[in-house]
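Protein sequences, first through last, are from chains A and B.
Okay, so the first sequence: first residue is 3 according to the numbering used here, each after it adds one.
Okay, so the second sequence: first residue is 3 according to the numbering used here, each after it adds one.
Think of the hints as simulated: they come from the structure by calculation, not from any bench.
Note that the Cβ used here is the ideal one computed from N, Cα and C, for glycine as well.
It is possible that some hints are incorrect.
Said to hold, decoys possible - Lysine to aspartate or glutamate pairs mimicking DMTMM-like chemistry, simulated, CA-CA at most 25 Å apart:
#1 312/A - 241/A
#2 312/B - 405/A
#3 38/B - 108/B
#4 259/A - 119/A
#5 419/A - 405/A
#6 312/A - 241/B
#7 293/B - 327/A
#8 293/A - 57/B
#9 312/A - 32/A
#10 312/A - 405/B
#11 366/B - 119/B
#12 293/B - 394/A
#13 259/B - 233/B
#14 366/B - 241/B
#15 293/A - 119/B
#16 363/A - 60/A
#17 331/A - 316/A
#18 423/B - 375/A
#19 86/B - 119/B
#20 259/A - 364/A
#21 346/B - 405/A
#22 346/A - 405/B
#23 312/B - 263/A
#24 331/B - 91/B
#25 417/B - 57/B
#26 86/A - 102/A
#27 86/A - 57/A
#28 423/A - 241/B
#29 331/A - 60/A
#30 417/A - 405/A
#31 293/A - 233/B
#32 293/B - 119/A
Claimed, not checked - Computed Cβ-Cβ distance ranges for the label pairs, DEER-style:
#33 370/B - 259/A: 49 to 55 Å
#34 259/A - 287/B: 21 to 27 Å
#35 62/A - 370/B: 53 to 59 Å
#36 401/A - 368/B: 18 to 24 Å
Said to hold, decoys possible - Calculated from the model, a selection of chain A residues having no Cβ within reach of chain B, i.e. all distances over 10 Å:
#37 8
#38 81
#39 102
#40 155
Next come the chains, spelled out residue by residue.
Protein chains: 2
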Amino acid sequence: MKKTPRGNAFYAQSGGVSAVINASAAGVIETALRSKHIGKVYAGRDGIVGALTEDLIDVSRESAATIRALKHTPAGAFGSARFKLKSIEQNRAEYQRLIDVFRAHDIRYFFYNGGNDSMDTALKVSQLGASLGYPIVCVGVPKTVDNDLPHTDCCPGFGSVAKYVAVSTREAALDVASMARTSTKVFVFEVMGRHAGWIAAAGGLAGRGLDEPPHVILFPEVPFDGRRFLDRVKQCVTDFGYCVIVVSEGAAYEDGKFLADAGTRDAFGHTQLGGVGPVVANMVREAHGYKYHWAVADYLQRSARHIASKVDVEQAYAVGKAAVELAVKGVNAVMPTIVRKSSKPYRWVIGHTPLAEVANKERKLPPDYLRADGFGISEACRRYLEPLVAGEAYPPYRNGLPDYARIRGVPVPRKLKDEFKL
Amino acid sequence: MKKTPRGNAFYAQSGGVSAVINASAAGVIETALRSKHIGKVYAGRDGIVGALTEDLIDVSRESAATIRALKHTPAGAFGSARFKLKSIEQNRAEYQRLIDVFRAHDIRYFFYNGGNDSMDTALKVSQLGASLGYPIVCVGVPKTVDNDLPHTDCCPGFGSVAKYVAVSTREAALDVASMARTSTKVFVFEVMGRHAGWIAAAGGLAGRGLDEPPHVILFPEVPFDGRRFLDRVKQCVTDFGYCVIVVSEGAAYEDGKFLADAGTRDAFGHTQLGGVGPVVANMVREAHGYKYHWAVADYLQRSARHIASKVDVEQAYAVGKAAVELAVKGVNAVMPTIVRKSSKPYRWVIGHTPLAEVANKERKLPPDYLRADGFGISEACRRYLEPLVAGEAYPPYRNGLPDYARIRGVPVPRKLKDEFKL
Chain A
3 MKKTPRGNAF
13 YAQSGGVSAV
23 INASAAGVIE
33 TALRSKHIGK
43 VYAGRDGIVG
53 ALTEDLIDVS
63 RESAATIRAL
73 KHTPAGAFGS
83 ARFKLKSIEQ
93 NRAEYQRLID
103 VFRAHDIRYF
113 FYNGGNDSMD
123 TALKVSQLGA
133 SLGYPIVCVG
143 VPKTVDNDLP
153 HTDCCPGFGS
163 VAKYVAVSTR
173 EAALDVASMA
183 RTSTKVFVFE
193 VMGRHAGWIA
203 AAGGLAGRGL
213 DEPPHVILFP
223 EVPFDGRRFL
233 DRVKQCVTDF
243 GYCVIVVSEG
253 AAYEDGKFLA
263 DAGTRDAFGH
273 TQLGGVGPVV
283 ANMVREAHGY
293 KYHWAVADYL
303 QRSARHIASK
313 VDVEQAYAVG
323 KAAVELAVKG
333 VNAVMPTIVR
343 KSSKPYRWVI
353 GHTPLAEVAN
363 KERKLPPDYL
373 RADGFGISEA
383 CRRYLEPLVA
393 GEAYPPYRNG
403 LPDYARIRGV
413 PVPRKLKDEF
423 KL
Chain B
3 MKKTPRGNAF
13 YAQSGGVSAV
23 INASAAGVIE
33 TALRSKHIGK
43 VYAGRDGIVG
53 ALTEDLIDVS
63 RESAATIRAL
73 KHTPAGAFGS
83 ARFKLKSIEQ
93 NRAEYQRLID
103 VFRAHDIRYF
113 FYNGGNDSMD
123 TALKVSQLGA
133 SLGYPIVCVG
143 VPKTVDNDLP
153 HTDCCPGFGS
163 VAKYVAVSTR
173 EAALDVASMA
183 RTSTKVFVFE
193 VMGRHAGWIA
203 AAGGLAGRGL
213 DEPPHVILFP
223 EVPFDGRRFL
233 DRVKQCVTDF
243 GYCVIVVSEG
253 AAYEDGKFLA
263 DAGTRDAFGH
273 TQLGGVGPVV
283 ANMVREAHGY
293 KYHWAVADYL
303 QRSARHIASK
313 VDVEQAYAVG
323 KAAVELAVKG
333 VNAVMPTIVR
343 KSSKPYRWVI
353 GHTPLAEVAN
363 KERKLPPDYL
373 RADGFGISEA
383 CRRYLEPLVA
393 GEAYPPYRNG
403 LPDYARIRGV
413 PVPRKLKDEF
423 KL
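Given these sequences and hints, build the entire structure.
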């Protein structure tokens, strides 16, 4: 570890946003503004796109109250982007451009708040900076509702979506249970998680035992067996009077084909880009004729700051803060991690791991987190999940609605003459 | 008004449940248990079905803590039912059976917690009781998330679903706005309200002015014009970078055909019983090719006790309490109402109206609650809605999840020999 020179800092949000990514932003910004190693703090407008196009926001021009309010504001206050940098071989110009912009604005610290792809980008910037004669300290700030980053016990953003899904499952299940005798018998709740079943697993927190809802969870990790599924649904309706199903958008057949690609066509014969929720509900109707309802939470689940997990908010802030503390110590090309010390009582500390260890890697639900029948979560999974949804961290309200922060977004005067074409 | 004799009370929940119908139950039960006119309090298991089948729950056997906890518990704790009694001409036996059960259990007070249909049932029971030689005091307790009962300023259940929809719209819109530059440009949020646009209107509270989301609301009251709608969506994406749409499940064409019946077919050629959300999203894709997402809240919205409106919880309790107070004064065949005294500051009192005035009637969104272009709400509508979503009334939490009440449900011993076939 070596001391790095004084310079400005760049922060950007990347990929799908969450209920707490702005809490990480607050952690980065408040810590950076206090650091004697860091001058100005700039944010990329719309993530890395802002860096490439030299569209920078002068965070120093935001009030302390606004920065503080980011802790209770969902989504990406500075704008995020689904923009994956190409590989260095394919488009070295992009990396050169980043370094040009950073050099023009004396940016010596690069904080990139995102998931697997983003950690790969941060890693490349850290490597290229040196070879292009502009060393820059790059630290990743973990963020993904999918909870699929390796080498961290959990990912900021996940605890809140987990809480939303568990609470919503419990509430909707009470609704279905109370009316099943004469009305809806099957309820299907579609949640996110295209490649890993962490979010679907969180639905399992709503109940305990085979008789409590959700009665069936469909994970991406468990190949879908239509016969077994339909038998189970029927058994639940027979035994309990109703059946609540949580299905991951990534639920798939043995051959990897998503259930959502069920060949449904619209009136014009085009493939219907539908959710897996209605597909599963229709399967039940075809087989058993039960009255059903389905819900698709989509963006509601990952933006639901109103029901965020307190632990998640604290961890999101902590990884942002730690990123800056590591950077100003000269620790380069790392990502702060959450290290679990114990589950009951829940204790955690911040660690860190090399970006090379997390870039482009994906952590799936381990087999021992599944119940033996594959339709639920194990006790080990419950022990893992419970602390992550603990505590409430309500935003302030005004006129009955959450009072979320809005940044001023004062642009930094541009210094480069040429435009960069994305 | 005459004093009624001492007797037992019957309470039942009817129709689609809500986040606060149990708060009304608590209001009825706590008040009834304190009344010197009322002996035992019985609840129908699964609503009126419990009365017909003599399946009664002895509410006196629940702890005071459980009854109190109903105030923060969503859905129908005693079970609700979608079971409409036939007309007296069609099936007098049903009404005769109700009277038989009430007579057997000395039930002299009938409290029926529901919407338009239920008020009709309560009215018929009140009329028939006398003609069958068993006078019984019938008081309706208003409940409907649809907010479509006449002669009351609002309906308990609506304020909470309105708050859920407004909060969710605001949160999801922040998500879309933060990523629109490189990702999703159009977000469609489907909400309930098959015949009236009250719930969709609540989405309008999320923003103000034409530039703030939701940019488009599709109401059942405004015939859908595809060309105008698609033009507006394009204009929003051009002007603001994205477009957030709230659509009522009851949105329909000029000829009354629901948008949801869009002729979509599944792989087997069957009509797809889909939500209107994906239908609208597909229209946008076909016309403009924008990347889109859609969410369907379905039961999540009406069971979301975690984000209930405090005003709504208070009003739900108050109408339950008032129902008993009216009944023991001998006021028959009425429904307590919410009477607005002023909007700013919000002041309301409890009134009442004859059941005959509300039975089977529906209140739609008045024309002056729509913005001139038909795609949003007017200032008058905002003034009406704002007080109804005011205040938070969080349930207690345990292990990160709401701690909702569960009743013991001790059955009342049966007295009638014959079974009643539903």
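Each hint, compared with the structure:
no. : hint                      : verdict
1   : 312/A - 241/A             : violated, 37 Å
2   : 312/B - 405/A             : holds, 17 Å
3   : 38/B - 108/B              : holds, 15 Å
4   : 259/A - 119/A             : holds, 23 Å
5   : 419/A - 405/A             : violated, 40 Å
6   : 312/A - 241/B             : violated, 37 Å
7   : 293/B - 327/A             : violated, 39 Å
8   : 293/A - 57/B              : holds, 24 Å
9   : 312/A - 32/A              : holds, 19 Å
10  : 312/A - 405/B             : holds, 17 Å
11  : 366/B - 119/B             : holds, 16 Å
12  : 293/B - 394/A             : violated, 34 Å
13  : 259/B - 233/B             : holds, 22 Å
14  : 366/B - 241/B             : violated, 32 Å
15  : 293/A - 119/B             : holds, 21 Å
16  : 363/A - 60/A              : violated, 33 Å
17  : 331/A - 316/A             : holds, 23 Å
18  : 423/B - 375/A             : violated, 39 Å
19  : 86/B - 119/B              : holds, 7 Å
20  : 259/A - 364/A             : holds, 19 Å
21  : 346/B - 405/A             : holds, 20 Å
22  : 346/A - 405/B             : holds, 20 Å
23  : 312/B - 263/A             : violated, 42 Å
24  : 331/B - 91/B              : violated, 31 Å
25  : 417/B - 57/B              : holds, 11 Å
26  : 86/A - 102/A              : holds, 19 Å
27  : 86/A - 57/A               : holds, 17 Å
28  : 423/A - 241/B             : holds, 22 Å
29  : 331/A - 60/A              : holds, 24 Å
30  : 417/A - 405/A             : violated, 36 Å
31  : 293/A - 233/B             : violated, 37 Å
32  : 293/B - 119/A             : holds, 21 Å
33  : 370/B - 259/A: 49 to 55 Å : holds, 52 Å
34  : 259/A - 287/B: 21 to 27 Å : holds, 22 Å
35  : 62/A - 370/B: 53 to 59 Å  : violated, 47 Å
36  : 401/A - 368/B: 18 to 24 Å : holds, 22 Å
37  : 8                         : holds, 31 Å
38  : 81                        : violated, 5 Å
39  : 102                       : holds, 21 Å
40  : 155                       : holds, 16 Å
Against the hints set out earlier in the document, violations occur for numbers 1, 5, 6, 7, 12, 14, 16, 18, 23, 24, 30, 31, 35 and 38.
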